[in-house]
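Generate coordinates for the entire structure from the input sequences, incorporating the hints supplied.
Read off the chains here:
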Amino acid sequence: MRLFHRLLGLFAAILITILALSGTYLSVLPALERAGTVAASGRLSVAEVAGRIERAYPDVEQIVRSPSGGIVASYLENGRAVSSVIDPASGRAIGEVAPSAVERWVKNLHRSLFLGDGGRATGAIGALALLLLTLSGLQMTARRAGGWRRMLGRARGTGAQRLHIGLGKLTALGVFLSTVTALYMSLATFGLVPDGSSQAAPVLQVAAGAGPALPADRLAALQDIDLGQLRELTFPDRSIPSDVYELSTATGEGFVDPATGQMLAWQDSGAARQIYEFIYMIHTGQGLWWLGLLLGASALGVPVLGGAGTAIWWSQRRGRVRIARNAASAAADTVILVGSESGSTWGFARTLHEALAALGHHVHTAPMNDIAARYPAARRMFVLAATYGDGEAPAGADSFLRRIDRMEPPHFPVAVLGFGDRQFPAFCRFARDVERALRSKGWKRLMPLAAIDRQSAQEFSRWGEVLSAVMGKTIRLAHVAEVPRTQTLTLIERVDYGADVQAPTAILRFSMPNAGLMARLSGRAWPRFAAGDLLGVVAPGCMTPRYYSLASSSCDGAVEICVRKQPGGACSTLLHALRPGDGIRAFVRRNSGFRPLPGRMPVILVGAGTGIGPLAGFIRANGKARPMHLYFGGRHPASDFLYRDAIAGWLGDGRLTCISAIFSRIAGGGYVQDLLREDAECLRTLIAGGAQIMVCGGREMAAGVMEALAQVISPLGLTPQALKAQGKYVEDVY
Amino acid sequence: MKSLVAVLALTTALTFPALALARPVTLTTTLNDYGGNGAYLALYVTDAAGAYKGTLWMAGGRSKYYRHLGGWLRGSGGNLGEINGITGASVGSGRSLKISLDLADALFDAGYEIHVDAAAEDMRDSPSDVVAPLTSGGAGKPVAGRRYISAFTYDM
Numbered sequence: 001m002r003l004f005h006r007l008l009g010l011f012a013a014i015l016i017t018i019l020a021l022s023g024t025y026l027s028v029l030p031a032l033e034r035a036g037t038v039a040a041s042g043r044l045s046v047a048e049v050a051g052r053i054e055r056a057y058p059d060v061e062q063i064v065r066s067p068s069g070g071i072v073a074s075y076l077e078n079g080r081a082v083s084s085v086i087d088p089a090s091g092r093a094i095g096e097v098a099p100s101a102v103e104r105w106v107k108n109l110h111r112s113l114f115l116g117d118g119g120r121a122t123g124a125i126g127a128l129a130l131l132l133l134t135l136s137g138l139q140m141t142a143r144r145a146g147g148w149r150r151m152l153g154r155a156r157g158t159g160a161q162r163l164h165i166g167l168g169k170l171t172a173l174g175v176f177l178s179t180v181t182a183l184y185m186s187l188a189t190f191g192l193v194p195d196g197s198s199q200a201a202p203v204l205q206v207a208a209g210a211g212p213a214l215p216a217d218r219l220a221a222l223q224d225i226d227l228g229q230l231r232e233l234t235f236p237d238r239s240i241p242s243d244v245y246e247l248s249t250a251t252g253e254g255f256v257d258p259a260t261g262q263m264l265a266w267q268d269s270g271a272a273r274q275i276y277e278f279i280y281m282i283h284t285g286q287g288l289w290w291l292g293l294l295l296g297a298s299a300l301g302v303p304v305l306g307g308a309g310t311a312i313w314w315s316q317r318r319g320r321v322r323i324a325r326n327a328a329s330a331a332a333d334t335v336i337l338v339g340s341e342s343g344s345t346w347g348f349a350r351t352l353h354e355a356l357a358a359l360g361h362h363v364h365t366a367p368m369n370d371i372a373a374r375y376p377a378a379r380r381m382f383v384l385a386a387t388y389g390d391g392e393a394p395a396g397a398d399s400f401l402r403r404i405d406r407m408e409p410p411h412f413p414v415a416v417l418g419f420g421d422r423q424f425p426a427f428c429r430f431a432r433d434v435e436r437a438l439r440s441k442g443w444k445r446l447m448p449l450a451a452i453d454r455q456s457a458q459e460f461s462r463w464g465e466v467l468s469a470v471m472g473k474t475i476r477l478a479h480v481a482e483v484p485r486t487q488t489l490t491l492i493e494r495v496d497y498g499a500d501v502q503a504p505t506a507i508l509r510f511s512m513p514n515a516g517l518m519a520r521l522s523g524r525a526w527p528r529f530a531a532g533d534l535l536g537v538v539a540p541g542c543m544t545p546r547y548y549s550l551a552s553s554s555c556d557g558a559v560e561i562c563v564r565k566q567p568g569g570a571c572s573t574l575l576h577a578l579r580p581g582d583g584i585r586a587f588v589r590r591n592s593g594f595r596p597l598p599g600r601m602p603v604i605l606v607g608a609g610t611g612i613g614p615l616a617g618f619i620r621a622n623g624k625a626r627p628m629h630l631y632f633g634g635r636h637p638a639s640d641f642l643y644r645d646a647i648a649g650w651l652g653d654g655r656l657t658c659i660s661a662i663f664s665r666i667a668g669g670g671y672v673q674d675l676l677r678e679d680a681e682c683l684r685t686l687i688a689g690g691a692q693i694m695v696c697g698g699r700e701m702a703a704g705v706m707e708a709l710a711q712v713i714s715p716l717g718l719t720p721q722a723l724k725a726q727g728k729y730v731e732d733v734y
Numbered sequence: 735m736k737s738l739v740a741v742l743a744l745t746t747a748l749t750f751p752a753l754a755l756a757r758p759v760t761l762t763t764t765l766n767d768y769g770g771n772g773a774y775l776a777l778y779v780t781d782a783a784g785a786y787k788g789t790l791w792m793a794g795g796r797s798k799y800y801r802h803l804g805g806w807l808r809g810s811g812g813n814l815g816e817i818n819g820i821t822g823a824s825v826g827s828g829r830s831l832k833i834s835l836d837l838a839d840a841l842f843d844a845g846y847e848i849h850v851d852a853a854a855e856d857m858r859d860s861p862s863d864v865v866a867p868l869t870s871g872g873a874g875k876p877v878a879g880r881r882y883i884s885a886f887t888y889d890m
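Chains E and S, in that order, are what the protein sequence lines are. The opening residue of the first sequence carries number 1 in the numbering used here; numbering runs sequentially from there. The opening residue of the second sequence carries number 735 in the numbering used here; numbering runs sequentially from there.
There may be inaccurate statements among the hints.
As the list claims (entries may be wrong) - Okay, the calculated beta carbon distance ranges per label pair:
hint, chain 1, residue 1, chain 2, residue 2, range
1, S, Y799, E, A271, 20 to 26 Å
2, E, R590, S, Y799, 55 to 61 Å
3, E, F278, S, G874, 47 to 53 Å
4, S, A840, E, R92, 46 to 52 Å
5, E, I94, S, P867, 35 to 41 Å
6, S, G874, E, A271, 51 to 57 Å
7, E, A271, S, K875, 47 to 53 Å
8, E, P241, S, G874, 29 to 35 Å
Said to hold, decoys possible - A few chain E residues that don't get close to chain S, going by computed Cβ distances all over 10 Å:
hint, residue
9, L32
10, G252
11, L264
12, L359
13, R374
14, Q455
15, N514
16, R528
In short, the hints are calculated from the structure, not lab data. The beta-carbon is built from N, C-alpha and C at its ideal position, and this holds for glycine as well.
If you want it as structure tokens, here you go:
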């Protein structure tokens, strides 16, 4: 399904973009036309209006009522044919109708690409491609979200993915209507479905009766017809004595005798005609201007969807990893199977592959789906599995479970390592499913199931230590994710805390690098960032960057982080040794999952120690003073109450609603989760009212907080998992 | 300039390919720059009583739009057999349509008239935009149209 969606999108991109943009332009026209229309006041008959126009313009030839309600009359003026918009109340012209060349050009581009019938067929193919993209995209979105009913939740992933999915859901209905109606109209154009136009003309020999023509307002047949029903009224040619009125209304067509005022012949328009006109109205918005605008806005999203989709495809393509020195499966003593959604798991597989190959192992690395029936030389197997969406198999792993179901358990043991993001409710679920399936089939276990959160090189290296113990030799897994380009930040200020309580912590403020015009234009300037994004710091001699949550936004004009000195930590030691004027190499990694939701809903901020950093950044950026409730846990109020003075200021200017702080090293103290239990009543009110919970801090603290909150909200019938699924419970855990 | 040479069927009452009783005629219809999509044109002949006698040419390929050519429709009864083999493309704004055919001598100076019905998308229909009496003396003299056609000429 993904391959289909992707290929179709790439091939049809240009065609669809042309159709969508021209369609958007055309969609605005009915609303503009309506804005310039003079509506008839009260009920008017066709006879009344035709009579008024005839008195004002005796040479009138035709009256047309447009779907938006405007009346246009065509008549001869000084021998010149003129079409004018008419005020139905007076029958007089308000302005001449000038055909717009631009409008016609865009319309022809949209309909036929200026290529006649070939262009019309191409356009129909484009509409079909867009319809299939919409349907397959919806199906994939549902799968990713974990079911059709969960589709309305917030999309997660990279910026391009969230844009693509979010916009896709928003525009799906409009694009569906546009494409289905376009296809129907194309089929009608080529005569493959009836549009009723062939029966619409009553082909009859009719002639006017003898006698002088009546004024139009005295024609009985026209007196019965409401102006709102009119489509077209063509006056008889005065040079032909037997000529008659031709009338076309919403319900049919007929001829009216100018001498008697009677209907000479009438034919109702058939069902096929009415269906076609209904579909035409939906597609063009003519007579339904608001729908036109809605469809146009949806169509405007289509090129954006195409751009974001291409960006996703490109980044996944670029993320593809090549494995050097890959042994044949029959000769391998070690097998690594990979299921990777974004490609990052392949990077970890390569690190493992190279580390084992360096120790003289013959290593075979392949996608999970490529699992062989037999590995005669194998001594061990590793399965590195990411998760797609709500617990589904990632790319290249969707048939793995079916395959092992048919296999006999091998003679060698296997270890499963999951990759995922703890913010997702189904963290590493696919890896867990694989582990469970292997155990139930009787596969031997090499190592217990382990999980790596958000591509953490530290956790991977720790897993390598466990592996070393199992294999009885040292295996160093120094995974280096692609490090983005770094720039130099200069320290301008530092505030130190916590030295007295064995938790030396510093708030470090750096100035942003000055970017020249060239750097800005080429996109190499220091990027915009928001509190909660991550600062990657690369210590000299260190291969892997360390990430720190940003406590400031780019509009604050400085880069601020909160760092606790870790015993033996190279990077935190380096940062703690900095003095104003010193520089570090760093880059920004977006962490868009950890942001306050847009809107005015209250936010509950829970942090301990340096975890207060990004939360302080959210409060500082809260200029609109939405309710923010901060729960902070430290060791001693006199030593590590981070941001104490700033918090007092924020309470004063309304950025912060209230703060509860608790400290563990004082009499009667405790942890932040204790605060939550004490404040259960207030928290329940906030959460029931739609508040978002944001937690930042160490892993143990986050687990304690989740447990406490689970108790707090269970009377509401809620769970932290349910809130997570709605994006109302987000964590930044380290 | 659009130049078309009509291949006319023998069954058409009005035209005789290279017979002594017929003469070669070139019909030129020049359109105004009316600023719309290509116009459908129906060229047909009526007799002295105004009755439809037959079609000379139909410019425009989609029969569902022929209902906008009111004069031709009422005369021919919308019978597509009337235009079998004498149909071409619609004519763009400001362009010309040129047709060569053989017309029977009997049609000249006997009250017969050539009518041209015109219609363009989203614009009002113009039946009998041009009415040109067929006379020996009228050859080469442009006849002005009413809406879409600036001039119609028949040359012998």
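Violations among the numbered hints, reported as their numbers in ascending order: The structure breaks none of the hints.
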